[in-house]
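A.B. asks: Sequence:
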Amino acid sequence: MMPAMWSSETWFWPVITVVVIFAAIKLAKPIVHTITQPFFAFSMYFFAKLHNRMLGSKKTELFETMEKLLEKVEGDVLEIGAGTGANFAFYPRDCSVLALDPNRHMNYYLVHTKKYYPHVSLKEYIVGVAEDMKKIQDQSVSAVVSTLVLCSVESVEQALKEIIRVLKPGGRFYFMEHVKGKGFTLTLQKWNQPWWFYVADGCRLMRDIEDSIRKAGFKSVKCQSFEARNVGPFIKPHIMGYAEV
Numbered sequence: 001m002m003p004a005m006w007s008s009e010t011w012f013w014p015v016i017t018v019v020v021i022f023a024a025i026k027l028a029k030p031i032v033h034t035i036t037q038p039f040f041a042f043s044m045y046f047f048a049k050l051h052n053r054m055l056g057s058k059k060t061e062l063f064e065t066m067e068k069l070l071e072k073v074e075g076d077v078l079e080i081g082a083g084t085g086a087n088f089a090f091y092p093r094d095c096s097v098l099a100l101d102p103n104r105h106m107n108y109y110l111v112h113t114k115k116y117y118p119h120v121s122l123k124e125y126i127v128g129v130a131e132d133m134k135k136i137q138d139q140s141v142s143a144v145v146s147t148l149v150l151c152s153v154e155s156v157e158q159a160l161k162e163i164i165r166v167l168k169p170g171g172r173f174y175f176m177e178h179v180k181g182k183g184f185t186l187t188l189q190k191w192n193q194p195w196w197f198y199v200a201d202g203c204r205l206m207r208d209i210e211d212s213i214r215k216a217g218f219k220s221v222k223c224q225s226f227e228a229r230n231v232g233p234f235i236k237p238h239i240m241g242y243a244e245v
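Mapping of the sequence shown onto UniProt numbering: residues 1 to 245, in sequence order.
In case anyone wonders, no lab produced these hints; they're calculated from the structure. Keep in mind that the hints are not guaranteed to be accurate.
Taking lysine to any residue pairs in the SDA-like style, the calculated list, with each CA pair at most 20 angstroms apart, reads [what the hints assert, rightly or not]:
#, residue 1, residue 2
1, K123, D94
2, K180, Y125
3, K135, Y125
4, K180, E154
5, K58, E227
6, K182, G232
7, K59, N230
8, K180, F226
9, K114, S43
10, K180, W195
11, K68, S220
12, K168, F218
13, K49, P118
14, K180, S212
15, K114, M66
16, K114, E131
17, K180, S225
18, K123, K135
19, K215, E154
20, K72, S96
All chains should be modelled from the sequences, with the hints used to inform the complete structure.
C.D. replies: Laid out in structure tokens, this is it:
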């Protein structure tokens, strides 16, 4: 005879409760994501302006070699996670851009931003993720740009693999990302990660993105670390640079 502690009445309802909770979480996640996407696009339009004021000089430095690169390796610039067009202000004249973003609501703000930068040509807006850029042909773009994007992709390694695939020989991957900190900053990142993930559309605070880039298989990597000013204490650690194929 089964002991009372292992009777069906004892374990049935706790198990059912756990199953229902996990099922509810799984079902609610895409619903919540769908609801928050328009709000995130709206908030990013204003955050991008603020971020450019704080890190504009760094972005100018990041993209200063792009004009010469495009003279040498002619073609389009693919920006992954293009968002609301925050980088248009820093692109060289006559730059042709393919904008890729998983959030279709970003397109409205990106097109609006584009009006202020006639020196940039928006060739196409693609709704998609960096890990699966099947609409982009092999070795078809001169540069790929990612600013504050690799923190939120599902797989950094797969995204970098796709970036290498679409770049022409001699092309460059330009990046600026916030990264895993050290000491008390890392502690703050651990404390804030649970709620930040949902507020910042899947952002992971503790990724070692430089290490991933260096291991991805680029021919060369130029990277520098810096502390961003006037931003949240747990997103201060940044890296920027470019990697060549």
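A.B. asks: Determine which of the earlier numbered hints do not hold for this structure and return their numbers in increasing order.
C.D. replies: Hints 2 and 16 not satisfied by this model.
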